[in-house]
Amino acid sequence: MAEAPLVVARGLERRYGARRVFRDLSFELDRGGALVVTGPNGSGKTTLLRLLVGLAVPSRGTLEVGVDRAGLGFVGHEPLVYRELTALENLDLFGRLYRVPERRERIGMLLERFGLWDARGERVSAFSRGMTQRLALCRALLHEPALLVLDEPHSALDEQGAQLVDQELAELAGGTTIVVATHEPARLDAFATSRLALGAT
Amino acid sequence: MTGYLAAVAALARKDLRLELRARDTLPAMLLFVLATLVVFHFALPADVGDDPAYGLLWVALVFTSLLGLARAWVPEREAGALDGLVLAPTDRSAIWLGKTIASLAFLGAAEVVALPAFVLFFAPLDAHALAGVVLASVGICAVGSLVSAMAAASRGREVLLPLIFLPLAIPIIVGGVGASISEEPAKFLAFLGLYDAVFAILSWAAFEYVVTE
Chain A
1 MAEAPLVVAR GLERRYGARR VFRDLSFELD RGGALVVTGP NGSGKTTLLR
51 LLVGLAVPSR GTLEVGVDRA GLGFVGHEPL VYRELTALEN LDLFGRLYRV
101 PERRERIGML LERFGLWDAR GERVSAFSRG MTQRLALCRA LLHEPALLVL
151 DEPHSALDEQ GAQLVDQELA ELAGGTTIVV ATHEPARLDA FATSRLALGA
201 T
Chain B
1 MTGYLAAVAA LARKDLRLEL RARDTLPAML LFVLATLVVF HFALPADVGD
51 DPAYGLLWVA LVFTSLLGLA RAWVPEREAG ALDGLVLAPT DRSAIWLGKT
101 IASLAFLGAA EVVALPAFVL FFAPLDAHAL AGVVLASVGI CAVGSLVSAM
151 AAASRGREVL LPLIFLPLAI PIIVGGVGAS ISEEPAKFLA FLGLYDAVFA
201 ILSWAAFEYV VTE
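Top to bottom, those sequences are chains A and B.
Last residue of the first sequence: number 201 in the numbering used here, and the count goes up by one each step with no gaps.
Last residue of the second sequence: number 213 in the numbering used here, and the count goes up by one each step with no gaps.
It is worth saying that the hints were derived from the structure and are not from the lab.
Note that the structure is predicted; figures quoted are calculated from it, not measured.
Among the clues, some could well be false.
As the list claims (entries may be wrong) - Just some of the chain B residues that point at chain A, by a computed CB distance under 8 angstroms:
(1) Ala12
(2) Lys14
(3) Leu16
(4) Leu18
(5) Arg21
(6) Pro75
(7) Val86
Every residue gets a Cβ at the ideal spot worked out from N, C-alpha and C, and that includes glycine.
Using the sequences provided together with the hints, build the complete structure.
Given below as structure tokens:
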């Protein structure tokens, strides 16, 4: 018997007051699949991703996500970290909240992988945008989520950083279910299993 | 339960670390409460007795706490850190409890300076008055952490916080002043204890709805 999809959306609609961001949006995403969400600015990519992780609720329709918060990793437009804590302190805090086993080893490994080990003792407020984005990715991957939701993960990254993200996503693809909103869908061609194009409203 | 308490401890420790590093809140609270007591010292006529002074102590403490509470969620507003906490798989009330404990530590530090200054400028404080300060501080921080989170999520946060918090603080002032000057202070201490219990439970249960849609 085929495994049930991890994400099932039926007739989704989201409004902010009188403004409708999108309507009648339906899609499914299998476990281990990779959904690439595209669309112009204002088409609702960020809103859809916030619905997926539970930071917002649909105005109409149903959205079933087959993982709880412990299985969700999210990189949004903002890094979701404390600017006046160091990279290490931020990851240690979130590692404790997610009860990450062997926390220190996992944090050290991620900082090394994303090229932040040497800056681990620096406050995030002193980081460049690219470094902050890489730290946000470390935070999202810290607890090895089953569903990884990324909102424009290449933004603010130089080509080297962007390639690092591509490489990381390619390694995760197949095992981790991935949803990526992006303006550069071609970067994800290698592992994307489905695509969703949102229109301007 | 151990995991919940560990999360609360990590969140409270984070706030203390941020304050030790930035020194945004505590120095302002200390200066404010001292300045207020000095102003009251010169404003209060010398022949009115001690009772009005106890009332002014509570005015000073409530407004000092308001100063701290107004800044309580500033680090969470920056860089979307609150979304990061809300997404974590810990009970969301742990976020409120961690903030309440940190706010209590800041208010306690301000009181360590304010109470000797009050004794120096105005009148002695007995054990009942001190117990009143402790119980009132718990209530102030429990309610204040919830209300300041509500205010932080709104556009008019600077106005909204005092508008919601001060009416809720009236019972605390009644209990605190009563514990300081009444001949039956136990009655007022029990009232403060009841206020703390009721509002701590309400804030603990309501916090989830404040930080989620």
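Structure versus earlier hints - violations, ascending order: Going through the list in order, the structure violates hints 1, 3 and respects the others.
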